[in-house]
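Now for the letters of each chain:
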Amino acid sequence: MNTQFTSRFKGDKWIWFVIIILSLIGILAVYSATGTLAYSKQGGNTEWYFLRHTGFLLIGLGLLYLTHLIPFSYYSRISQIFLWISIGLLILTLVIGSEINNATRVIPIPGLGITFQPSDMAKLFLVMYISRYLSKNQEEIDSPKVFWVTLVYILIVVGLIAPENLSTSLVVFLTAGLLMFIGRVNFKYMMYLSLSGLGLISLLVVVLLNINTDGMEGNRIPTWKKRIETFMGKDDGQGNYQQLQSKIAVATGGVFGKGPGNSTQRNYLPHPYSDFIYAIIVEEYGLLGGLIVTGCFLILVYRCLKIVVESPRAFGALVAMGLGLSMSLQAFVNMGVAVGMLPVTGLTIPLVSMGGTSLFMNSIGFGIILGISKYIEEEKQQQAEALHANIA
Amino acid sequence: MSKTKVNSRKVILVRAYIVFALLFVFAVSIIITAVKLQLGTDDKFRKELSAKNTRVVEIEALRGNIYADDGNLLATSVPKYDVIFDLRADGLTTKVFVGKIDSFSLMMSQMFPERNASDWKEHLLKHRDKRTRYLKIAKDIGFEQVKAIKTWPIARLGKFEGGIWYEEKGKRMYFMGELAKRTIGYIKDKTAVGLEGAFDTMLRGKNGSQMQQRMSGQTWRPIQVGNNRSAVNGKDIVTTLDVRIQDIAQYALQKGLEAESADHGCVIVMESKTGAIKAMSNLKRGEDGQYYEAQNYAVSEFTEPGSTFKLLSAIALLEDGKISTTDTVDNSWGKWKWYDMKLEDAVKPKKRYYTLSECLQYSSNVGTSKFVMQHYKKDPKKFTQHASDLGLHIKPKFDIPSSSSPSIATPNQSGWSGTSLPSLSIGYSSKISPMQTLMLYNTIANQGKMMQPYMVKEIRHEGQTLSKIEPQVINEKAVSPKTAATLTQMLVQVVDNGTANGIKTDNYKIAGKTGTAWLSQGKSGYNQENNRQFQASFAGFFPANNPQYTIVVVVNNPRSGRYSGSQIAAPIFKNISDRIYSTHIRVQPTPQTASLPQVPGILKGDAAKTKWVLNEIGISSQMLQDSQTKNEQVLFPGQYIDPSKEAHSVKLKPVKIKENTLPDLSGMGLRDALKLLSDLGLKASYSGYGRVSDQAPAPNTKIGANNEVVLILKPY
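In order, the protein sequences belong to chains A and B. Once you know that position 192 of the first sequence is 185 in the numbering used here, the rest is easy, because the numbers rise by one and skip nothing. Once you know that position 50 of the second sequence is 1162 in the numbering used here, the rest is easy, because the numbers rise by one and skip nothing.
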């Protein structure tokens, strides 16, 4: 990488690389996957979604660039207030949100034709706030108070997301839990938490499978029930359609795929440009394409791990790791759905899937990670210079 | 750095590595699952996948039409639509559904008043709660109605956003009601009878097949694969049936049967020269005392014909030159016993010796059988040979097949006895169908030439004539012209001075023969004193000097106390022949010889078709604006015309059709009237033929729940 680039784009080069690769694959996959949507919504103008996605991505990358310039310590201060704003917006969503796929997840932004998904924002600031709280309380990290305070914040956010977006709330809960674990919260408490978490999920599944959802059509419960039942092998009357189509896409991709734009399953999969984008990627670019995308997110987490290793401050390490985990977990759940490991969810792959505000929020997340690594680089440089100065 | 700090860093790192390791395992298992999917996707899985995602849909071929000889439609398949409501369509949000359900229900109640608006709403809400994805909300509606529904709230959003879509299907429509219903046939529970059955393979066409692939959920899209077949629509058949003669014949038969409370009966009208069947009617008394087309007796009921069969005896005697027209026979005053068989004449003879003509004239059993016995007793085979020569012993070939067969007693059969010949000579000991009797009489009418009866004269496919069926001669000289001429004279005598003189008319000569047969009732035989059953028949042709039509009338088991062919069947014949004579024979239309196109008489009907016809013959036409309609909502503007006042200036005046108001249908053809009523969503029943003369409810009546319209048709 040339010096021009390195001087302007500071931070972990690997993470920059991951961002570029994911963006490019995302543009290609979205272009291919939006064909059906373009016909039904935009009168066959197949470029419409391609251009829109690329436009959003460019705005997102702009935000990413700007974010990575901001000194990360700044976030520590704003995280608390922004977490409360996010919580307010989540409540607002539950009250006024508009329906997308029968799920109230978003707030429409008047005039722009786009919608705002407060859960993305809440996720970001929850990670920051937990990192801040844990890093501030490293001295008394074993105390039950730290555990409970953190857990209450997590449960407020997760509880507000859950009614309309169970899968996102579960990923947020998992991310936050892992973050607590990494942040040295008492291992015993963590064990209790993970056990009760597992117990709760099992209970949820058992309850969902056994309740009668008639008359519950105003909310998401029937959808959850159906998806779990489908995953457990019950025919949903459409031949477990979504998962089956996704499996076909993966199964027919081969090692090198059918080639860009040659997906056939995009016509049969609902939301092939977001929820099932991994299936389209494997179908068109083969196992190789799938491996690259999966690898990118592993690299991301690994580089975040590097930041943890190198970060002189716990806050930076926890924020980077938390954001990296949050995005990777979300991506892996999306992939797990595509290959049939997990029941159908509405989770997207950060930077790859089409989407408006979630793209921006993920870009900001990447920006923050890069900002932290930039800070670490600068710190190292200063240390090195100081060392040089000392030697000299 | 303090020791604790170093330790805490270490703990963070170790835990972070553990988390990374977990994530790594997750990522690897995703890839492994993907690889397994690719490797493990054997043919069975692939097949299972493709079975769930592709299907072969049969594309129904449109069944061919059946036409009358003048091109009038007897039966046709018209596209009809069912309206399906997918109450859980992906795009149908609660907001839209709840917001528009009231207005949608109101529209539904107006077009389908079997439910009022609130009932419709309740019905739809219930099914939305039940998550019904396939609710048929209307059946068999026409294209006009589909077009209207597509503008309604919810429905206008289309299949995906609104959930409302339309299933097309071919619906068989018959335009003649009970008229020739059995002859034209119908399809019920997959079995077709009448012409529908006989020409089923032709009419049916060939269904196509199309491979479809699942798009999402219940949405399928057609895909192009090699074995897609497009449907080949059925062939049309043009019959020889004359709607007016059919109506005349059926009406006359019905009246005749009603008067006698007979069990059943049939009439066949044949064009003498060609063998074309112009009418065929079969009626059976239902349990309600009304008569319905049920079985095709004309073709498939084989019974002992009785006296009409004496014609065969006469043919044999004359053709073999056994007797001359002046030879006589001793009628024993009408009573004769031969072995155990007692023969008796229905008409007590006024003289002792009968000529052959007189035997027929008075339908003398004794005379006829004595004549035959005198000449064929020694060689009965020679007599039965005549029946075989005329093809009476085998089932006649005909467009509508019959399952049973005739039987003619012959000397080499085991049941043959000394009484067989005299019995056969007067129409017993053998069973033939009304169609065979008709063929026999028509041979005489046709100067000895036996014609093949037929009912289908043309096969068409998509407007092109595939084949034309020409009249076929079975036997050019089945009977010699001389004998035929002699017998024609004798049959005229039957009507002029004999048993059928009740139907004698000065307008034209009828040649024919009555028949009264005891019905054999299985093992109990004929002679059940209190429960004798008869079959009254009459077969003949007219005008005798130049026969145009040959008719057979058979009435089975009359219960009025009367039973003879002359009392029961002959009047039916006369009813038919009189009307045919006045409509088809006496009035010979002279063709117009105008060089400039003549403006034809235009009747009320379909505007587009009228304009097309006028255009075809070189007359331009224009639609008048109706000043009165400005402030009223007019349905189907300009689709129907009422030219009654403007016919000759060729300005077409639109028929005003207001919403919820019954238009004036008078003067319309049945097809136009039915189509208009169907467009309005109304049911119709009708009687008679021709054009609409009366309607109930009266024109301009508001139509609401009482949505049945009765039409009375009369010839114009």
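I should point out that these hints are in silico values taken from the structure, not numbers from a laboratory. Please note that a few of the clues may not be correct.
As the list claims (entries may be wrong) - Residues on chain A that point at chain B, a partial pick, calculated with CB under 10 Å:
hint, residue
1, P137
2, I175
3, G283
All residues carry an ideal CB built from backbone N, CA and C; glycine is no exception.
Do the numbers back the hint for A:I175, that is, is its least Cβ distance to chain B under 10 Å?
Since the shortest Cβ distance to chain B is 5 Å, the answer is holds.
Status of the A:P137 interface restraint (C-beta, 10 Å, chain B):
violated (18 Å)
Min Cβ distance, A:G283 to chain B: is it shorter than 10 Å?
holds (6 Å)
Going down the numbered hints, you'll see the structure goes against just number 1.
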